[in-house]
Amino acid sequence: MSKRSARGGSRLAQVSAPEPEPELEVAELQLSSDEEYESGEESDLVSLSGGEDDAGVDREIEDAVLGYMAAAEKNRQDGGSASGSDDEGEHTDSGSGEEGEERSQEGGEGRQGAAEPQSANLHGAAAAAAVADDGDDDEQRPDDPASDSSEDERPNRNTIGDVPLVWYKDEEHVGYDAEGKKLARRPRRDRLEKHLAASDNIAKEMRTVYDEYNDEEIELSKEEMRMIQRIRAGQFPHVEVNPYEPEVDWFTRDVEVMPFNAAPEPKRRFVPSKWEEKKVVKLVRALRKGWIKRGQVEPEKPTAYLIWEDDGKTLDKTATGLTYIPAPKLKLPGHEESYNPAPEYLPTEEERNAEQLLDDEDRPQFVPTAYDCLRRVPAYANFIKERFERCLDLYLCPRTRRKRLIIEDPEVLVPKLPKPQDLQPFPTLLSVRYTGHSKVVRSVCPDPTGQWLLSGSDDGTVRLWEVRTGRCMQCWRLEEPVSCVAWCPSPGLSLLAAASGKRLLLLPSGVGNEEQEAATEAALAACTADSSGSSSDGIEDGQLVSWQRWQGGGEGQGGSSGSGRGSGSGGVVVLHKFGIKHVTWHARGDYFATTAPTGNTQAVLVNQLSKGVTQNPFRKNRGRVVRVLFHPSKPFFFVATQQNVRVYNLAKQALAKKLVSGSGVITSMAIHPTGDHLIVGSEDKRLCWFDLDLSAKPYRSLRYHQYAVRGAAFHRTYPLLASSSDDATVHVFHGMVYADLMTNPLIVPVKILRGHEMVDYQGVLDVAFHPTQPWIFTAGADATICLFVNP
Amino acid sequence: MLKKKKGQAGNAVQYVTRNQALKKLQLKLSEFRRLCILKGIHPREPKKKPQGHHKTYYHVKDISYLLHEPLLKKARELYAFEKKVRRAKAKQNKELAARLAARKPSYRLDHLVRERYPSFVDALRDLDDPLTMVHLFAVLPAERAHGIPAPVVQLSRRLVLEWQAWVVRAHALRKTFISVKGYYYQAEVQGQRVTWLVPHATGQVLPPDVDYKVMLTFLDFYHTLLQFVNFKLYHSLGLRYPPLLDNKLEAAAAGLEAMMKDLAGGAGGSGAQGAPLLEQGSQQREAGGEGQGVNPSAQQRIGSLADRVRQLEREIEGERPQHAGRAAAAGPAAAAQQAGGGDGEAEGEEEEEEEEEAAFEIDSGDEAVAASDSEEEEEEESDDDDEQESGGEGGEGAAADPSDGYLAPWTAGGGEEAEEEEGEEEAGVLDGDLAAGGAADVDADDDAAVCAHLFKGLVFFLGREVPREHLLLVVRAFGGQAGWAGEGSPVAEGDERITHQVVDRPTQGHRFLSREYVQPQWVFDSANFRVLAAPGLYAPGRAPPPHLSPFVSGEEEGYVPEYGKQLAALQEAAHAARRRRAAAAAGGDVFVGEVAAAAEGGGGAVLSAEEELEAAEARYAADLAKEMKQAGEDAAGSPEQAEEEAAAAAPAARKRRAGGEEEQAADEAAMKDIMMTRKTKKLYQGLQKTRAAKKARVTALEQKAAAIKGR
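So the sequence lines, in the order shown, correspond to chains Z and A.
Position one of the first sequence corresponds to residue 1 (this note's numbering), numbered consecutively onward.
Position one of the second sequence corresponds to residue 1001 (this note's numbering), numbered consecutively onward.
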């Protein structure tokens, strides 16, 4: 028999001693076994003496009990010695020691070897216990098998731990004991043996269970069986447990005659607490001041009530006094957002593919989708996101009030102007193209009668054309490029001025009548009369210019009369120090002014034809002078630098006005015949109209050319003005100026003339109106001159 | 004189940046944002930004306004409170923590509603966002992960139902639209158009990249606002607020019905009232036989005023029991409502009383005016009955109507379906009278009345697969009645009174012959166009015609889809029918002396209706002509454009055509530009661009539509 099976026996022995409820016990005993355990010794003795059938079995049990007791004793002693002497432990020890002693004595020789050394140990222990406590010798201590947890737990024989037992399935041993020795596997009983065992003692066999871990068979004791039965019946496992114990009132309210503590009550129990007093004072104050409200719970306001009266008024202002800016409402859905949109709103296959190719940002946010019935429509995935974004917009986006013009018809924006047809005459048709120049034509100028046209070109020639026929009457070769030509407005003379390099040439035209020719000859002779003595080529020191006679260069073309005259007469050359870019005549034809942009202090020179003198009116010029102009009737002089136009009063010799165009480099300038209005063209494509009576700033600034404005002109009699530009167009305007000062000038664009081509980014370089007819001459970079006439 | 220093006037002192504001208010950013949301304070855009661009500017007044806000104090109290609780918890002092937690400072936003919206109309103007948000949260799951508490969802749900119940009760709904995003609704409240969006009923997935705290803060204010708005609306109708929600019905997901039960007395009635109402109808129909005899022709024959009065008295005697019966029928319903504690039916009863009073007056027989009044009423009722009959049974008076021919193209369009549907007469459906629905008698120009009566006399049965709540809202707001498959339905599926069954399934097994089977879209389309659309087009299982947005106007859009034109034509016909009826009714109760005038008037009215039809036809013809012309122009325009392009490509070719007309036109356009200021020029060019874009879009749509049609 193993030690394990003996354990149950030991318990039996321990438990059997006390008998608190005999009547119950009797019944149970009868149930479980045929033996009496009233007193261990007696029964044992009986069983020993009486050699009955079951005696062998019982003996085995007894042996096992003994063995177990010994083992338990050993364990306990190990623990007990460490933890010191425990009362109950001692008692148990002594009790079981006694028992063990007895058993070992009674056991005899039939005992197994395993138990022997332990029993030898036991003797010592039992002796010690007996010395310590003699009184307990004969009575068994009431001991609960379940009370001590250490006893409850079977000490494992095997020490392999919590490993799967299959690992040892095929081994000879089942594991190792505490010393590390192999625990040999016991031979298994086969069925026959089991059957025989069962037939031997069915009761015992039924109580035996096999512990695979430790490889042993455990026979449950009768007491254990009983315990199991009680548990199954739902009773307390132990018979000893009394759930209805009488209550002992240890701490009664009755004053004891002999109290545990008779000390008098301390004083502090009768003195009010200072802390409490403070607290009370605080509370009282809080109550008085109404900080704490007792009893009355504030009536809960209803969640909703009437807060708006029925006035129906609306206020623009908020409580802050600022105007309320409502958040813009979300766009209402169109047809394409429908769950079942019309098929034309759905993207086609190609469109869908095209969308796929787009970037994520370019891809449309919403793609119309069609569902064939309502139940197929899924939840909109972005719903919450969109609401959230709307929330963010509501409280994070700055709001401003924008005035939005709602314009049904954009045509209302177009200013109401008279129709061009009603403003005729103005030039519309290309009538004559004057060809003969080989390079860019820089300048054109018709003669005061309107019969002849002068032109100067980069090829170094000045040509005289007959307007109506386009025939070149005369050609002067001036070697250097001609930058400007101007006809002398004096009716008695037939004189022209041409600027070529540093020379200004005054040439008799040779197409005037006899009187004019003679007068011209006389004038030219007069102007060089005093300087004829000094016939040097250069300019003398201290002189601004030098007036000299000039022969040759004239060359008639076509007509024999022209050639005869042209070759006969010579002109006058006025030598300048700087290259002349522009020349302009005073209306009477006696004075003319030249502009040399590079000559800083001598940029503007005014020459008098009749006396042949030159003067420099300005000591210095602010900025590079581009153009100068005489006022047609008053003693005013206009000087256009690149940035602005200065108006000088010649009579007072003072600056009268400074006109600021606010645009880029000024390229051209023209004055209205009345002298009250000025147009200025500039390189930044702008044409500015100045009303000289009004302001120093432009009355109108028009920007319609694609390239720089090169020329600008007013018609002398008709209310027409024109501007030419490098984009090869000429814009003709109707520019009516009213006599009364209250009415603003009327400017209406009437025609865009196209006759030239752009050459090397140069288009129409100069423009001039016919003096009497509503015709216009344009000098193009394509080496031609065009005449546009009215239909 | 003091020199002005920089930063002491103007924008520099009127606006502060956000950080400056935070410093002044001594708030955390999150708390500041919260307050801004609640107070409705938003950044502004100063003309000059003294602290630099890329900064948010608030008006200094807004901030100082925040400074005196009681909520600011509350926010600080809350902060202190949270600190205390946190500290108590950290010290394991659970008792103290619990005691503190019980004393959490609470706040209310009532004053903010009043501040932000000084008048009710102001609040109505801004109601779009609140309604949409509350409708969204009413269907969201209360999820702790996102911090959406269950009470918020419940309150949202309650407010939504209250609002919808009011819309139904007041018949305020004007437009509906099923979009991919959800259901759009537009109601007219005190002249203000309130639009809101309700998500589709399927479950919403809560995106993680959304700050629900912000939304909940908004919702906090919106709840308060909506409660007050609802209160005001209910108050204006003389109803108690909050209405009682029938828990049983709500549990049965009857939603609106649960709320309406308390309101009671809205047209279409609640479940309790539905049956009596219908009974009334049938009673009237029986009793109305005599009343129907009174027609203009009969009146002409009546010789004198005395005769007339006598006849009226006779009629009224006949009507008397009917009135009594009606009162009796209304009795139980009223009782039921009183049991529910409602004072809502007061209005309905008042009307009833008014009628009765009128009846008594006539009974005394002294005043002819009163008699005429009552006559009018009777007339209306009888008409109503007529209408219910014709509307209910469908296609009765179809053959008699002269306007059938007008809608020939439409009939042709529907003809195929007619064949499919075993020769069901489609022509009948096109009748203007029939299309006018229950609203045939009402003044055609009174949109509110038309809306309120459109589905009058129709009983809908909603299948279990259709979105019940939405359909209930639409049907009842437009005066119809509805039942559904499920608990609490006022009518069972087998009920004979049902005129329309709304189904959304591929096939309908058992069909009642007495009712139309339509898809849900029919209800929405009909409501939008104020007509009863042809139900054949919406038969279950077939693809319904396109659903069009009522929010776009054809003129603005420039393009109307084909079906839109058809519906518009039908609408026109219904309109004409309403006019005709109104004219007939006006002629009906004129006295003998005015008989001739009445006849003339009636004739005139009929004539006017005919004229209207003619006018419609003329309009159509004109449209057609215009289209043709446009097409022609387009055809002409394209080579012109090509030419222009060619001209631009080769400037050399230009002068050869100097006098060319096209160039002249281009020049003229260019010259027009010259005289415009730069600002105007930009505006003008922008407008031209948008116009061109719009035109291009319209042409693209038209081409696409033509291509689809051709296929």
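These are calculated hints, taken from the structure and not from any lab test.
Please note that a few of the clues may not be correct.
[As the list claims (entries may be wrong)] DEER-style ranges, computed between Cβ atoms:
no., chain 1, residue 1, chain 2, residue 2, range
1, Z, Lys403, A, Ala1707, 36 to 46 Å
2, A, Ala1485, Z, Lys329, 34 to 44 Å
3, Z, Pro378, A, Gly1010, 31 to 41 Å
4, A, Ser1064, Z, Pro326, 16 to 26 Å
5, A, Lys1005, Z, Ala651, 45 to 55 Å
6, Z, Glu351, A, Ser1064, 25 to 35 Å
7, Z, Ile407, A, Gly1010, 29 to 39 Å
8, A, Ser1064, Z, Lys329, 22 to 32 Å
These numbers were taken from a predicted model, which means no experiment stands behind them.
For each residue, glycine too, the CB sits at the ideal point set by N, CA and C.
So which hints don't hold here, by number, going up? 3, 6
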